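A.B. asks: Mind docking chain B on chain A? Use the hints.
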Amino acid sequence: MIQIFFYLTFALYGCATVAYLAYLVRTTTAVEIWANRLVMAGFVTHLLSTIHRFSSSGHLPITNMHESLSFFALAIVGAFILFERKYKVTILGAFIIPIALLLVVSSSAFPSAIRELNPALKSNWLWIHTIMAFISYAMFTIAFGAAVIYLIQQYFLKKKRLGALFQKLPSLNTLDDINYRCLTIGFPLLTIAIITGAIWAEKAWGTYWSWDPKETWSLITWFIFAALLHSRLTTGWRGKRASLLTIAGFLIMIFTFIGVNLWLPGLHAYK
Amino acid sequence: MNIIVVGLSHKTANVEIRERIAFSPSQIEKPLRELVGLDGIIEGVIVSTCNRVEIYATTRDIAGGIARIKRFMADYHHIPLESLEQHLYNYHSEAAIRHVFRVASSLDSMIVGEPQILGQIKTSYGYAAEYKSSGIILNRFLHKAFSVAKRVRTETKIASSAVSVAFAAVELAKKILGNLSDKTVMLIGAGEMCELAAKHFLNSGAKGIMVTNRTFERAERLAEEFGGEAVRFEELFEHLHRADIVLSSTGAPHCIIGPKDAEEVIKKRRFKPVFFIDIAVPRDIDPKVDDVENAYLFTVDHLQEIVQANLAQRSLEAEKAEEIIDQEIGQFHKWLSTLEVTPTIVALRSRFDEIRRSELEKTVSNWKDLPPDAEKRLEALTMAMMNKLLHVPTSVLKKAGQGGRVDLYVDAMRQLFELESIQHDDQELELEE
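Each protein sequence line maps, in turn, to chains A and B. Position 241 (the first sequence) corresponds to 241 in the numbering used here; numbering is contiguous. Position 12 (the second sequence) corresponds to 12 in the numbering used here; numbering is contiguous.
Isolated chain A (complex conformation):
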């Protein structure tokens, strides 16, 4: 029973991915409407699946790889739906939804059985720390999608290749706006996640900071986005440089999230 919604989500994200990629090739209102409907339906089943898991396990379902990957995908899709509404950038789905699908697919590769909660995680800090972290991750993922499209659009403009794809993708200005908006939401949340993490660490492990790989890499991610935000605000950095830095930050963030859990042993490695 618990898996039905999950598989439904799986299927809906799969269909939505196809629809968004189709939208990239054949831009019609019908395809747009269907892509948005599919992703909305997927989000709803995903949310139900998460809530179901939450109610049957009694804790926030982000305590192992299966749950965290799925939760990450949920946050990304939720953020995408909001940005799609606000900026009317359906085409962004062709770059974001495949990432969500990939996360859901890889989450199903990990054991999904509900396990007894690790005693160290039994805390209210789990909520605030992880939810903040996941929303900031979702924001940086959207920023990453916008940055990739920005580089594509800039390439087309510089090479004077203004074909069909150029016409369909959003304007440089919109993409830069999205990047900035994601940064201004994501960065404070990441900061809160790190601070609450430190407070929680002090309570659970007796020290604020223990240079555990997750902590170290989170700090690196934080520094990259801090640098980006700083140069945006002081010298007005934008466009290509901002996009490249966003992509770098995103890749390090993904490593912080997945790589550290899988390959670097430490306090945060919850497989």
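No wet-lab data here; the hints were simulated from the structure. From a predicted model like this one, the values you see are computed outputs, not experimental measurements. Idealized CB from N, CA, C, for every residue including glycine. Treat the hints loosely; a few may be bogus.
[As the list claims (entries may be wrong)] Rough simulated footprint, nothing fancy, chain A against chain B, three-plus residues with beta-carbon under 8 Å:
{"#": "1", "stretch": "192-204"}
{"#": "2", "stretch": "263-273"}
{"#": "3", "stretch": "293-299"}
C.D. replies: Relative to chain A, chain B alone:
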């Protein structure tokens, strides 16, 4: 019933002829009344724009109808028919339907895909509806033409791309800068194309414009015209950083903006992008400016290329549009054919019913000691007989209406039962679906 079209357009007549033959909308009632007063013309609509003058009508007599409308156009404007005739084209039946669908969808326009024509036909139809010169068939026909035009516009990209250099520049600016409402244009030098582009930018909502010229008076005059700000040519670089869009067309023999200048300007703008458009020959803006980050330089040639690509795209889209029209013609033609059958069936029924009633009345009035419910029974009996007798011919006619041999059957039926005067209006409304 046949739909006929008689008219002329930019393809067959020059502007002098078109002007002479045009019908002014303020005095459209008179020609509309005269048109439907013509012998054999049942309904009529007059479309008169600066690029075309066309009359749509319905008639039973195609050749006669067309000839009379041609004569009417010539006489109404006091032009000898002999000199007008060479410019006129005419269509009937399916070709007429196709022609009107194509015109409404802007496939026959001077600039394919331009949107005005649909509104113009709607207005013309509005007059015809107001003065009741259009009836069941043309009403339905033009509504169909409007919906076809709408389908063409939404299902193809025939009207979605810029086909002039100035408009292409605006579209491109939006792709780089987003909304233009807080953007400023800098106009360097003067020239027709430059000024046209500046006008387009302002019409698209650009916030302001700065104008500079080697002769300051000229800059001032242009600035005044655009409601902008004149800048001394020597002070160009003190103001350039305020511009998001730079349009340049001076007669300078060498470049006036180099990559170093662009770099400085962009730094001063905190890296906000600048869209440079170089219209001058020889060039005003060094091509290396395009290598500067956040500077996007386009020349007239680039814009021209975009326009060419868009035009090619339009003709590709026009093919899709023709396919849509093909489908719709079939549907409409089918409807028109059933229209022929239905009045015939109605007339046939009323002819039978008439006989039945009169015979029934004769019988009843001569019948003494009529049992109480006999009249009702007789009524039912005759009705049943009539329905049974009519059932087969009715269904055969209806079937013929869907096939191609309608005329034959309808004609035979008319002659066999002497059905000449056919009531049109009321019955056909039911066929709307």
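A.B. asks: Tell me, in ascending order, the numbers of any earlier hints that this structure violates.
C.D. replies: 1
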